[in-house]
Amino acid sequence: MQPRTSDFTSSLSSIAQSAQRRTLNFVFLLAALALILAVHYDFLDDYIMTILMLMGINIIFAASLNLVNGYMGEFSCGHAGFMCVGAYVGSIVSLGFFTGRFFGASFFPPEFAPFLFPVVLLAATLVSAVFGLIVALPSFHTRDDYLAIITIAANFIIISIVVNIDAIGGSRGLQGMKRTMNAMRQVLDIPWMLVWVVICTVLCITVLYRLMTSTYGKGISAVCQNEVAAEIMGVNTNRVKTMAFMVSSGLAGLAGALYAHVYGYINATNFDILKSTEGLVMVYLGGMGSLSGVILAAIGFTLLVEMLRFILPAMNDFLHAFSLLPADYSLNQVWKWVIIPLILILLMQFRPEGFLGNKELTHVFPRLKRWIYFK
Amino acid sequence: MEQFIQQCVNALQWGSFYALIALGYTLVYGVLRLINFAHGDIFMVGAYIAFFVSTTFLAPDGLFGFSREMTLILTIPLTVILTSCVGVTIERIAYRPLRRRGAHRLYVVITALMCGLVLENGNLALLGASRRTLPELIDKQVYKFGEIAVTNLKLWVIFAAFLVFIALHLVVTKTRIGMAMRAVSWDRFALPLMGIPLDKVIVFTFVLGSGIAGLGGMLFGMSYPVLEPYMGAMTGWKAFIAAVVGGIGDIRGAFAGGFLLAFVEIMVAAFLPSTFRDLFAFSILLIILWKRPTGIFGLPLTTKI
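For the record, the sequence lines run as chains P and B. In terms of the numbering used here, the first sequence opens at residue 1 and continues consecutively. In terms of the numbering used here, the second sequence opens at residue 1001 and continues consecutively.
To be clear, the hints were calculated from the coordinates, so they are not data collected in a lab. A quick note: this is a predicted structure, and the numbers were derived from the prediction, not measured. In this text, a Cβ means the ideal position worked out from N, Cα and C, and glycines have one as well. Hints may contain errors.
Said to hold, decoys possible - In silico contact screen, one side only, chain B against chain P (beta carbon under 8 Å); selected entries:
1. ALA1125
2. GLY1178
3. MET1179
4. SER1283
As the list claims (entries may be wrong) - To spell it out: a stretch of chain B is covered by chain P in this simulated footprint if at least three of its residues, at any positions, have a beta carbon under 8 Å from a beta carbon of chain P; those stretches are:
5. 1109-1116
6. 1163-1174
7. 1201-1213
8. 1285-1291
Bound-form chain B, shown alone (with noise of 0.2 Å):
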């Protein structure tokens, strides 16, 4: 019993990572109507860039030379901004001008896919294979409950998710951008005659996007101090598997999303070999678009013909 609650705390965890990137998937599909391919990506670049941020921050011979409780309190701002900016890099140079024209969907689909190859193989060629490891911004404290043992970075982690979370549906549901950017997923063309800046809204959902994204890159550098360039694909991808599973456009979707995979994915390789995490995510993704592509939470959607 101790060790399913041990397994439950970490799939929360886990959990926590993947909603924090599905988030981004599902408000750019929600929006525009377009799979990011290039959003694990992104999250793998969030970890870098606070990787650089904080070690220059901290070089104590450096310009800064900072405490390690400032460059926490630095980092983390700097790491959302610049990682947005990556993400809405992206979409200027290659998403913009294929929507300008109008270009079938799938054009953008596999410019999103070779998006996120240039991301992270250029990472690879640029900084090369070598691993690198976050320095460590707070001290690790171990709370005990019987035998169950939490981490203060885990609690940390998943009040940051479950803080996101609720933030990004207040600005969504609340505030005139998020009008706006439900306005855009309802009807795209009627909305510049409305006189709502498309493209503004646009950049926005990109720069919540890509932010929460480098939050949860960050976060993900923190606890697992292994930054290697591939480490967005696959998180990427079980990302956008939680995002489908919940109901992709949809934000409560892809944050309950998110958990339910890792939950699953945690108690597989609990009790199965470890490799059979990936095989029973992606049979679940396969089963979930047969049967019930909409997911948990998303409404079918009508194609006029």
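Isolated chain P (complex conformation) (with noise of 0.2 Å):
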């Protein structure tokens, strides 16, 4: 009977730890059921909501730009082209299907919007995939700057395309998307939009955890530190690269569709080089190749862009209360895009590599391990 009991505590202590590695988890999802129920009992205002769909939304397209720049060691900077993808064609199809654009009449009953926006989220992650292969196509054969330079093209490209199409608003942007939200709030009267962010957040760090930690991902890692050796010991690096780019550019193209239907409305203008540079901070900021810092990094920067729109108003008052500035001027939001590039000036002379630098948080604290569950 003795071998018995020690296996059955050695279970016993087996599901003990299992649990208490899953500590962190629970945690998680406890505290995504509680912001769910906030909103929906009013606890949180809209404008607090709007914060966290963007925190999400700009969690989905770092991390998405952390597998090209971070992992595989390319400098991608149009990344806002393909998040434009995305939002306008989950717009499209949103329309499309519950609001008669586009295609004449609307396809679908509005009461099926809850159950058919995965299909619009899908839509857009798989053209702007396909849009991906922009980049990954001349990454074959350049790399460094002047690849960087094909992203901004792309980029580019992207947006006069869509400013140049007059049916789907062209320089007036796209609207309407309101409407599908609607729709899924007369089915069942949720805040469906922060339950849709917060799943697709949790997809997609699944998805890049998962595929950084599997075969593929050691050949995204082998083509950073040396493509030829990569190439060398076998590694199709063509088809890595093909891989990497279209799934980072699918995922912006999600965080895109997402983004246009928090908003309700897009403009090609909103996904220019400056949100890319916005996801360029945000990735440099967090730690090329850091999951967790990245994550850690769009949280906070969407904080502090945030809170530089109350920040630069106070800053106003109390320099002209001293009056170190003249009269007639005011210190305006611009100033924002003063400052976001500043500090990445200021981080690329003093820490290039980010804040956790290529380790992720587990690295940095052991302990972490035991308490939260990944794989």
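Combine the two chains into a complex, taking the hints into account.
Structure follows, in structure tokens:
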């Protein structure tokens, strides 16, 4: 009987251990549920909810950019172009499905909205993944700054294509996605967009984590370390690059589709080089090739940008109170776009690898591993 | 036919601006292997400097109150000098520390991009969004050749571009400092061993490039008298495309590429909706980088493994 009890205790302890290892997962799950409930019962106002959703979108956007810029060591600085594709494709599909724009009559009654919204997101993801080929194919021959130029050119090309198609609003932008959200609300009155954003964020993180721990992920790291050596060791670098670019741009498209539905209005100029710069700032702030770092950076960056909305007027009043500024001049929100690039310049000067720099949070704090389970 | 020739003249003028900016891109790239993405915004800064200098000189109740001819003569060198100061400042503050540390070139490229953003948004934040116009410094005269109308300003712009190109070519190929510049691009690490001051050569490169961009900005401000903070962004990108088309790192290439790109753009704008201009320009860039990354004049660079 002796061995059996020890079996029993060991299995019990292993259950306890695995339960312990899932602690933080449960905490996150509960936090997400609490968040959704809080929004549902109006403990949090719409502004905070929008910030929370923006945070999720930024996490997806930055984490997908991190796959290319961090893990693969390429330099894509036109990532917002793919977000633009995703936003427009998502909006077109959603408008076509539920409002009767583009396809004549509406395809589906509004009651279907909650069930068909994943189709909208999926369409956006797939189409932007295909657009990722614009960058992936030239990347077989070029690297470094030339590839950077190609990505920027891709960003500009996508924007000017969108601006030139009059059927999707052209330079006036596209709106009406709120109706899809309202349709979802009619079926069941919960904060749907927040739910979708949370689901998509978790999905995105899981996909990226699983990808990077898989054999393909090792291939991506190998391309980052030394492309020629990777090729010699049998990594099909072209295939790895294609896949990484497509996954990355697909996830950016997912972020774009969510963005379009959160705001209900999109314009091609929302996704210009400044948006791409935001992504770069988040990736390089958090650390290249560190998933947890980028997530933290995306959260922090979103908060910073929102806080600047209040800090700048406060600074303005403060400086005027001590008459440090000329009376006819006031600090405006444009300073945000001076401060954000400056952060990146300083980062490049003093800590170019970012705050966490190629390490995960569990590497910095090894004890965290006991509390979180991620596979 | 007349319309075609008229468009060609317009393309020559437009190409002069591209060429003037592209020369700066290609100079810095040729010497440092660095794409100075802030260069388009230095062009913008040049236009603004020209505006401030000329309005200060022209102000009738101000300190100077010069005549227009005098202002023009003084504004050109002052603009060039001040703009090159801006370029050198960026080099000193942002690029040099990174170069000293031997940072990966991607970090330098990011820094350059961000410097450009800081320049344009800083300008917007400091000076506001109101558009400024450069005061008219020379009288506009229109010469008519049959159906084709050419203003004297257009001729001056084209003339200035060619003059700058020839001067720059002579500097790079015939002088000692030009030889040093070519030496830097040849082997940057052996250079100090030969007793050539690396930093001085690099600063000189930035002075040349930024000065030319400043001159371009001033001429641009005189031809299209609307200055706004983002005027350098798109023009800078286009000029960069021009430099790549010609083969970045090669002065002749940048010059020819500028005119080529302007020709394509003007023709697209003449026969298609003008919103397609950017689409064509960037598609050309993409195709060239994909199929022939070295451009028209560039030579393929081999990498040792």
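message = For the region 1163-1174 of chain B, count the residues whose Cβ lies under 8 Å from any Cβ of chain P; is that count three or more?
response = This one is violated; 0 residues, fewer than the three required, reach chain P with a Cβ under 8 Å.
query = Count the residues of the region 1109-1116 of chain B with a beta-carbon closer than 8 Å to any beta-carbon of chain P: does the count reach three?
reply = holds (count 6)
task = Would you settle whether the hint for B:GLY1178 is holds or violated, based on the nearest Cβ-Cβ distance to chain P being less than 8 Å?
result = violated, 25 Å
ask   = Taking the closest Cβ pair, is B:MET1179 under 8 Å from chain P?
value = For B:MET1179, the interface hint is violated, since the closest Cβ of chain P sits about 26 Å away, which is over 8 Å.
query = Does B:SER1283 pass the interface hint, meaning its C-beta sits closer than 8 Å to a C-beta of chain P?
reply = At 6 Å from the nearest chain P Cβ, B:SER1283 passes the 8 Å test, so the hint holds.
key: Agreement of hint B:ALA1125 with chain P interface, Cβ distance less than 8 Å   = OK, holds: B:ALA1125 within 8 Å of chain P, min 4 Å.
Per-stretch coverage check for the region 1201-1213 of chain B, three Cβ contacts closer than 8 Å to chain P = n = 0 at 8 Å, threshold three: violated.
key: Within 8 Å of chain P's CB atoms, at least three CB atoms from the region 1285-1291 of chain B: coverage verdict   = Our answer is that it holds, as 4 residues pass the Cβ test (under 8 Å) against chain P, meeting three.
Hint violations for this structure: numbers 2, 3, 6, 7, all remaining hints satisfied.
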